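Protein chains: 2
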Amino acid sequence: MLPASYQLSCAKCNKNYPLETRHWRCPSCGSPFSLRSECPPATDFKSMLDGRERGLWRYRGCLPFSEHPVSLGEGGTPTIRRRERDAELLLKLEYCNPTGSFKDRGASVSITRARAIGVKRVVEDSTGNAGMAASAYSAKAGIRARIYVPSDALPAKKTLIRACRAEVVECSSRKEAAARATSELAEGELYVGHTWDPFYIEGMKTAAFEIYESGFKADSVILPVASGTLLLGLYKGFGELVGMGFSENTPRIYAVQGEGCAPIYEAIHGKLSGDRSSQLADALKIEDPPRKEEILQAIKSTGGDAFTVSDPEIAAATKELYGLGILAEPSSATAYAAYKKNREALGGRIIIPVTGTGLKTIDRLGEIFGQPH
Amino acid sequence: MLPASYQLSCAKCNKNYPLETRHWRCPSCGSPFSLRSECPPATDFKSMLDGRERGLWRYRGCLPFSEHPVSLGEGGTPTIRRRERDAELLLKLEYCNPTGSFKDRGASVSITRARAIGVKRVVEDSTGNAGMAASAYSAKAGIRARIYVPSDALPAKKTLIRACRAEVVECSSRKEAAARATSELAEGELYVGHTWDPFYIEGMKTAAFEIYESGFKADSVILPVASGTLLLGLYKGFGELVGMGFSENTPRIYAVQGEGCAPIYEAIHGKLSGDRSSQLADALKIEDPPRKEEILQAIKSTGGDAFTVSDPEIAAATKELYGLGILAEPSSATAYAAYKKNREALGGRIIIPVTGTGLKTIDRLGEIFGQPH
Chain R
50 MLPASYQLSC AKCNKNYPLE TRHWRCPSCG SPFSLRSECP PATDFKSMLD
100 GRERGLWRYR GCLPFSEHPV SLGEGGTPTI RRRERDAELL LKLEYCNPTG
150 SFKDRGASVS ITRARAIGVK RVVEDSTGNA GMAASAYSAK AGIRARIYVP
200 SDALPAKKTL IRACRAEVVE CSSRKEAAAR ATSELAEGEL YVGHTWDPFY
250 IEGMKTAAFE IYESGFKADS VILPVASGTL LLGLYKGFGE LVGMGFSENT
300 PRIYAVQGEG CAPIYEAIHG KLSGDRSSQL ADALKIEDPP RKEEILQAIK
350 STGGDAFTVS DPEIAAATKE LYGLGILAEP SSATAYAAYK KNREALGGRI
400 IIPVTGTGLK TIDRLGEIFG QPH
Chain E
50 MLPASYQLSC AKCNKNYPLE TRHWRCPSCG SPFSLRSECP PATDFKSMLD
100 GRERGLWRYR GCLPFSEHPV SLGEGGTPTI RRRERDAELL LKLEYCNPTG
150 SFKDRGASVS ITRARAIGVK RVVEDSTGNA GMAASAYSAK AGIRARIYVP
200 SDALPAKKTL IRACRAEVVE CSSRKEAAAR ATSELAEGEL YVGHTWDPFY
250 IEGMKTAAFE IYESGFKADS VILPVASGTL LLGLYKGFGE LVGMGFSENT
300 PRIYAVQGEG CAPIYEAIHG KLSGDRSSQL ADALKIEDPP RKEEILQAIK
350 STGGDAFTVS DPEIAAATKE LYGLGILAEP SSATAYAAYK KNREALGGRI
400 IIPVTGTGLK TIDRLGEIFG QPH
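As you go down the protein sequences, you meet chains R and E in turn.
Quick note, our numbering runs 49 ahead of the 1-based positions in the first sequence.
Quick note, our numbering runs 49 ahead of the 1-based positions in the second sequence.
The set of hints was computed from the structure by calculation and includes no laboratory data.
Since we're looking at a predicted model, the values are computed, not measured.
Virtual Cβ for every residue (Gly too), placed ideally from N, Cα, C.
Treat each hint with caution, since some may be false.
Here are the simulated DSSO-like cross-link-like pairs (lysine-lysine), alpha carbons at most 30 Å apart as the crow flies [said to hold, decoys possible]:
#, chain 1, residue 1, chain 2, residue 2
1, R, K224, R, K169
2, R, K207, E, K368
3, E, K390, E, K341
4, R, K320, R, K341
5, R, K169, R, K207
6, R, K334, R, K390
7, R, K266, E, K95
8, R, K389, R, K61
9, R, K95, E, K320
10, R, K64, R, K266
11, E, K341, R, K389
12, E, K224, E, K95
13, R, K207, E, K266
14, E, K390, E, K349
15, E, K61, R, K169
16, R, K64, R, K207
17, E, K320, E, K349
18, R, K224, R, K341
19, R, K207, E, K389
20, E, K169, R, K389
21, E, K320, E, K389
22, R, K368, E, K207
23, E, K169, R, K368
24, R, K95, R, K266
25, E, K389, R, K169
26, R, K368, R, K390
27, R, K341, R, K61
28, R, K169, R, K266
29, R, K95, R, K224
30, R, K61, R, K207
31, R, K61, R, K349
32, R, K61, R, K368
33, E, K95, R, K95
Which residues of chain R face chain E? A few of them, derived with a C-beta cut under 7 Å, are [unchecked claim]:
#, residue
34, L84
35, R85
36, S86
37, P89
38, P118
39, L121
40, A185
The task is simple: from the sequences and hints, build the whole structure.
Spelled out as structure tokens, the structure:
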């Protein structure tokens, strides 16, 4: 099988850069990089697979720097099918990834590339799950990591990042964490911030390949969105499947955000009125995602939309998922909450990724479930 | 493919019972039940598989009550290979199971059977992980659950059990939890205690099938042991592979226990001297496992042994695993600790199941890693 070919370029001014660049955004215009990949021609999907592999690197033929992957067993996550009224749901349990969230897909490819180009220290900013993934994969790769987190990140997530030997830098806000992560970058360090890194999205696209391989032909996908890496990854992955002639179209993409921070929703539907907040969507608080335009374009071109959910709606959805044995973190239960709220308009075959585990947010369960009975 | 045939009988007096029995041990002599299974004849292993399935039910041809499984996506867990001196390690990440531990394999089969025979409420006793698994699978199956736990079980585990809508009954000790679980059993309830239930072991044997399917030819397996369900499951699974002619022998089995509670070690090597305790092996505290004789027989017949590890050894192994990006709970890090301690005597190709996730035991990480740096 031929290896895929890749072209790294600025999403806005279209200048090309080598895959080995240490720039984390276009040095000319400051826009995020795009990675265009051309997968090898194949008559059928199976011939593209490394059938001996399970998980993400099973699709190594369509992934960059795949000779020596940094892997902790990410991908190959289970699915649960569920029929509800007119809908057939495919809940994809991304929390079964090795550090408990979908971020492992992105981190595996991102840290693989960092090691391949000889980086000794990476820098990331995160409310928790992405930082955890970056720490664990850096540990596996023998690379140092420094993670900038807002001081209100869940204590459990900070503890886990430190346990994987990463340095934690606490900042006053998520915004400050993002700013300091890049402004304090030293010589020889690589910024692998998931909100910017195009290699992260390469990892995410494998979720689309897995869904395709499972035989589930989705009409739509509904998922939590902060920086949009999974959304863009699914969009890219489904797009590559269309491009290779394996499927006919990309499912409609519906983005879900908490009422407290909903830049994608507001870009489509206008400002939310009143004083709104959401504590339970804590992992989704990115006010100005660098790839906002790409996210909006993906939603628009698939005929999707954006929804918001409130804390009571998130709490109800979390309770319902636990009642089905599905241990979602509240930020991840947003997608199921949005499905419940909008199911008259949805219907058909729907993918709902359950992006992160409730095991990191046990403290929150007390708030949601009340006192022990 | 023909379905396998099964025979439920008393391990001691050999009396036979129907698979639908509500007895949880032999009503004549009080011994645990054994389930003998005869898998269908097959020329090669692949022909036995349900290739469309991932995970545990991929092996449904060798599992009882497999028509309508209660599944949350258990099994199909990732592995990490690691070369250390003369040894080649296969770390099997059982914490990637849907509730974060290997117990999901047992619970899936056990609760599948409970639902198949029409049970409306199940009862389990556990220090946490088994209770969590029983709760989540019961929730998925629409069955009620009551879980007896010692009051010193980790608070996070109790919270999670309650979140899955199971009733938690706190007891003064692990022993009392086991006693009350059976003495308080009401009409119509089924005791599915993992320390007794032979269907639990059927689920565990699939871990052996997965290792075989991965192509790793192990010389030995080293694993934490409390009630011994995984040990007995691996022993059975590897035994069935030998019986079907697919492999030549069963790996040597090494059981690992914390110094504070080591009945298997003591049965082989005599009483541990002095006043020993281990807090970090909290999930392994079963003083008198019902299947102790079977465990000893499995160790003996494979030429294995038993080891103990101390809290400082467990802490060091936990730290080392996190430093590799492997989020083991301390009770699970016991196996790696024992490997490190005994590696001169071991060597070769070694399976180390990493049985439970550190995400449920984050409170413990502070003790192990010290204050934030």
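Okay, the hints, checked on the actual structure:
For the proposed pair K224 of chain R and K169 of chain R, the alpha carbon gap of about 26 Å is at most 30 Å, so the pair holds. Taking the CA atoms of K207 of chain R and K368 of chain E, the gap is about 16 Å. The hint holds against a cut of 30 Å. For the hint pairing K390 of chain E with K341 of chain E, the CA-to-CA distance comes to about 24 Å; that is within 30 Å, so the pair holds. Among the hinted pairs, K320 of chain R with K341 of chain R is consistent with the structure: their alpha-carbon atoms are about 16 Å apart, no more than 30 Å.
Of the supplied pair hints, the one linking K169 of chain R and K207 of chain R holds, its CA atoms being roughly 22 Å apart against a limit of 30 Å. The hinted pair formed by K334 of chain R and K390 of chain R meets the criterion: a straight-line CA distance of about 21 Å does not exceed 30 Å. Of the pairs offered as hints, the one joining K266 of chain R and K95 of chain E holds, with about 27 Å between alpha carbons and a cut-off of 30 Å not exceeded. Taking the CA atoms of K389 of chain R and K61 of chain R, the gap is about 37 Å. The hint is violated against a cut of 30 Å.
The straight-line distance between the Cα atoms of K95 of chain R and K320 of chain E is roughly 57 Å, outside the 30 Å bound, and the hint therefore fails. With a C-alpha separation of about 36 Å, the suggested pair K64 of chain R and K266 of chain R falls outside the 30 Å cut-off, and the hint is violated. Taking the CA atoms of K341 of chain E and K389 of chain R, the gap is about 49 Å. The hint is violated against a cut of 30 Å. With a CA separation close to 43 Å, the supplied pair K224 of chain E and K95 of chain E exceeds the 30 Å bound.
Straight-line distance between C-alpha atoms of K207 of chain R and K266 of chain E comes to about 39 Å, which puts the hinted pair past the 30 Å bound. This hinted pair checks out: K390 of chain E and K349 of chain E have alpha carbons roughly 21 Å apart, not beyond 30 Å. Between K61 of chain E and K169 of chain R the CA atoms are separated by roughly 60 Å; this puts the pair beyond 30 Å, and the hint is violated. Distance check on the hinted pair: K64 of chain R and K207 of chain R sit about 38 Å apart at the alpha-carbon level, beyond 30 Å; violated.
For the given pair, K320 of chain E sits about 18 Å from K349 of chain E by alpha-carbon distance, which is consistent with the 30 Å threshold. Taking the CA atoms of K224 of chain R and K341 of chain R, the gap is about 15 Å. The hint holds against a cut of 30 Å. For the proposed pair K207 of chain R and K389 of chain E, the alpha carbon gap of about 28 Å is at most 30 Å, so the pair holds. The straight-line distance between the Cα atoms of K169 of chain E and K389 of chain R is roughly 28 Å, inside the 30 Å bound, and the hint therefore holds.
Restraint check for K320 of chain E and K389 of chain E: the C-alpha separation of about 23 Å stays at or below 30 Å, so the hint holds. Of the supplied pair hints, the one linking K368 of chain R and K207 of chain E holds, its CA atoms being roughly 16 Å apart against a limit of 30 Å. For the suggested pair K169 of chain E and K368 of chain R, the alpha carbons sit about 21 Å apart, so the restraint of at most 30 Å is met. Simply put, K95 of chain R and K266 of chain R have alpha-carbon atoms about 17 Å apart, close enough for the 30 Å limit, and the pair holds.
Restraint check: the Cα-Cα separation between K389 of chain E and K169 of chain R comes to about 28 Å, which is no more than 30 Å; the hinted pair holds. A hinted pair counts as satisfied when its Cα atoms are at most 30 Å apart, and K368 of chain R with K390 of chain R qualifies at roughly 15 Å. Restraint check: the Cα-Cα separation between K341 of chain R and K61 of chain R comes to about 13 Å, which is no more than 30 Å; the hinted pair holds. A C-alpha spacing of about 42 Å is found between K169 of chain R and K266 of chain R, which places the hinted pair above 30 Å, so the restraint is violated.
A distance of roughly 43 Å separates the Cα atoms of K95 of chain R and K224 of chain R; the hinted pair therefore is violated under the 30 Å criterion. Only pairs whose Cα atoms come within 30 Å are accepted, and K61 of chain R paired with K207 of chain R is rejected, the gap being roughly 35 Å. For a cut-off of 30 Å, the pair hint linking K61 of chain R to K349 of chain R stands: about 18 Å separates their Cα positions. Distance restraint check for K61 of chain R and K368 of chain R: the Cα-Cα separation of roughly 43 Å exceeds the 30 Å cut-off, and the hinted pair is therefore not satisfied.
Proposed proximity of K95 of chain E and K95 of chain R is supported: the alpha carbons are some 17 Å apart, at most 30 Å. For the restraint placing L84 of chain R at the interface with chain E, the shortest Cβ-Cβ distance is roughly 24 Å, beyond the 7 Å limit, so the hint is violated. Because the beta carbon of R85 of chain R sits about 30 Å from the nearest beta carbon in chain E, more than 7 Å, this interface hint is broken. Because the closest C-beta pair between S86 of chain R and chain E is about 25 Å apart, greater than 7 Å, the hint is violated.
A least Cβ separation of about 25 Å between P89 of chain R and chain E goes past the 7 Å threshold, and the interface hint is therefore violated. Given the 7 Å rule on beta carbons, the hint for P118 of chain R is violated: about 12 Å separates it from the nearest Cβ of chain E. Annotation: L121 of chain R was flagged as interfacial toward chain E, and the flag holds, the nearest CB pair being 5 Å apart, inside 7 Å. Of the supplied interface hints, the one on A185 of chain R holds, with its beta-carbon coming within about 4 Å of a beta-carbon of chain E, less than 7 Å.
Hint check: violations occur at hints 8, 9, 10, 11, 12, 13, 15, 16, 28, 29, 30, 32, 34, 35, 36, 37, 38; the rest are consistent with the structure.
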